[in-house]
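Asks: Now for the letters of each chain:
Protein chains: 2
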Amino acid sequence: MSASEAEARMESLSGEELADAWPFLDAAERVEGFRLLATDEAEDLFLGLEAREQATLLRALPRGERQLWVRQLAPDDAADVVQETEQEERSALLGLLDAEARREVTALLAYAEDAAGGLMSPRYARLRPEMRVDEAISYLRRQARTNLETIYYIYVLDGEQRLIGVISFRELFAALPEKTVREVMQTDVVTVPDDMDQEAVSEVFAEWDLMAVPVVDSEGRIKGIVTIDDIVDVVREEATEDIQKIGGTQALDAPYLEAGLVEMVRKRVFWLAVLFLGSLLTATVIGYYQEALANAVVLALFIPLIISSGGNSGSQATTLVIRAMAIGELRLRDWWRVLLKEVVSGLALGMILGGIGFVRVWLWPGAETPVAQAAGIALTVATSLVGIVLWGSLVGAMLPFLLSRLGFDPASASAPFVATIVDVTGLVIYFSVAAVLLRGGLI
Amino acid sequence: MSASEAEARMESLSGEELADAWPFLDAAERVEGFRLLATDEAEDLFLGLEAREQATLLRALPRGERQLWVRQLAPDDAADVVQETEQEERSALLGLLDAEARREVTALLAYAEDAAGGLMSPRYARLRPEMRVDEAISYLRRQARTNLETIYYIYVLDGEQRLIGVISFRELFAALPEKTVREVMQTDVVTVPDDMDQEAVSEVFAEWDLMAVPVVDSEGRIKGIVTIDDIVDVVREEATEDIQKIGGTQALDAPYLEAGLVEMVRKRVFWLAVLFLGSLLTATVIGYYQEALANAVVLALFIPLIISSGGNSGSQATTLVIRAMAIGELRLRDWWRVLLKEVVSGLALGMILGGIGFVRVWLWPGAETPVAQAAGIALTVATSLVGIVLWGSLVGAMLPFLLSRLGFDPASASAPFVATIVDVTGLVIYFSVAAVLLRGGLI
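As they're listed, the protein sequences go chains G and U.
Sequential numbering of the first sequence, starting at 5, is according to our numbering.
Sequential numbering of the second sequence, starting at 5, is according to our numbering.
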């Protein structure tokens, strides 16, 4: 669409409508719509965007406007935008900031994006311990005019920037004016090291019910704070990654609609090909029993039923265990509790499915099967189902522990991965049961 | 373990150690450990527990201590604990609260646990519009002594408790002391209705980057506020539910280790049985082609390979789409964009797997297959793979849209559900391709 068409279509949108439509607009429509907004609406929209989208939008704006908007960002958000920008454009973007912001952003860029240091803001509220409560409040009043990230907690620092205490705003507010900060502050402060992984930081928030946590370096000096609104994004992002892995894809770097086709295929083909190669073993297993199968083609009827029941129970067990590990409900050393639980559940589930399977096969054993053999086939299917559902549950539940023990992400024990393992071994169970139960009869 | 043994083991634990060990202790150990803590450590531990665990702990304490602890809870947390308590014990528990808290908690109990009203706290900071900024600050100072949930935002109410404005603490603090609240407040306030679903509330937070949002009734009167720390829990909880559904389980009500065996089997058997009944159709399909199969048993070799490739690609597509819908990246009307993307990705993925499959089958067609037929079988497998991987991707991607359109949760399009649908139709594709390509030859 041409710029003038886009303009005509965009002109009628309010900031809120544009924000709603945003993910579904192309680049030209976004820029047009954005530039047509009133300043305060544009500001709400811009600050609400993801860093990736802020970077794209900035790139499309004329230099003057770009400078205006990049200066609206808090240092931690500006650092995220720089990280989303091509390497060769970064220094030009940093050059648009004023000297202090540039220094802050450059310091933040030294941290990995998914570490505590990469999440933190350097603009926290701070006090000296010897201040009186009323002095502290009016001092904070002046600090609040500059751009503080939060004044929910105020940190008390000594002369070397070492963190010696914390006080919540509410406590400071409620304290007697003539006391000193040192008298009313709390000295047991929960902190996180600057290189802590963001998932671990989110667990610290959950454990201590915090609104913000100070980030300290190895000498106990405060470098910034991580606030709970950043943690919401972390929790969402980590869940998305886990879900994509559970589905058997490598985690995407961009939203579904924006991910390029090449990226989409590349992220999916790796596991699909690995699983396919694993699945080739099923042909080997069936090939091994080909003679038996030629004598009793009726056995082929129930192959998909048998293996998909194992895959389904394995998929249930693995997703339950992966999620429980991710939210800290299960630790590595609890594997045996899980094993016990899955033995019992797997047996119960297997017997229920086996019962249904027995009735179905006994009543309708397939057109070509002599009635005399129906009971034998039914028993083979039912017995195999008990074994395979149990086996699927155990593999699904134990694989995340094994992966985690070996240093891999337990979420890699995806539903398709478990299903493939269970397919191959499930066939061995099925044909072995058939060989025993139908000996001298059918095969 | 006896009480005295538990005591001996627990005595050495600090509050933090006990909190870490908590999920893995039995009821007796928890109570012993808790009662042995210093008061401030016990308080940190108690307030950090989930409502379910607080309820269990309270039940195990003597009446006097129970009253002490239940009165430590903010009204919204107390309401959660009451909701986790057996119906017949609820009024006794409410009776332990003081009159005002009892009134607040009872009002909160009227809301569904997963609605905005069920998440909110009635203890928000409020001001009248005609107050001066300096009056407002000292008024808030008195309010802060009582138990406010947050003073991040302060809400400005008229005489009828209708919300007319909001001001952040930072803004109030930075404002000139002699201005009135009305002059410095913002009047465009983002609110949520008290019956809004918690997932929708979490999207409002994400869209507007809020730290708290006021909950209003149908007449615009403020009933309470939802704070962002509650939203972290909502995001985590909803992701857990989605992951469990994607794995083919109904969402569990309790953590994995605490869920009873009966609940565990009940939540899993429903889908497992439904999928099993669906899978029975695979036997019907193969039964239909049984004669062809008897003539070319070699076709049976590749049944698991074919159907699991369809299942895997379907599982990838469905998890990508379900998650994108859950975090608002995809809307119902975007189905055709997804369809286009999946047609291209599905074809590309199918051709890659088909290529690998062709080489494998051509080189090792199975011991019993005449070499002359190997190319035909290989071509059948490869062509089927292209069709089935494409079909799996399309079913996996479109099913969440279909379910959502029909008013169901898109996350019900679990990986096993998609795999089962694709199994049945995949077999039809495989045997149809075989019938065409091998006509006059093998079958």
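Be aware that a few hints might be false.
If several chains are the same, the list does not tell them apart, and a pair holds so long as it fits within one copy or across any two.
What the hints assert, rightly or not - With a straight-line Cα cutoff of 20 Å, these simulated SDA-like cross-link-like pairs (lysine to any residue) come out: (1) K183 x E20; (2) K271 x L344; (3) K271 x E47; (4) K183 x I141; (5) K271 x L97; (6) K227 x D192; (7) K183 x D81; (8) K227 x L167; (9) K183 x S142.
Hints listed in this document are in silico derivations from the structure and should not be mistaken for laboratory results.
Please read all numbers here as calculations on a predicted model, not as lab measurements.
Asks: It remains to establish, for every hint, whether it holds in the given structure.
Replies: The hints, checked one at a time:
no. : hint        : result
1   : K183 x E20  : neither (47 Å within a copy, 30 Å between copies)
2   : K271 x L344 : between (36 Å within a copy, 18 Å between copies)
3   : K271 x E47  : neither (35 Å within a copy, 47 Å between copies)
4   : K183 x I141 : both (12 Å within a copy, 19 Å between copies)
5   : K271 x L97  : neither (30 Å within a copy, 53 Å between copies)
6   : K227 x D192 : within (18 Å within a copy, 35 Å between copies)
7   : K183 x D81  : neither (37 Å within a copy, 32 Å between copies)
8   : K227 x L167 : within (10 Å within a copy, 39 Å between copies)
9   : K183 x S142 : both (14 Å within a copy, 17 Å between copies)
Comparing the model with each numbered hint stated earlier shows that hints 1, 3, 5, 7 do not hold.
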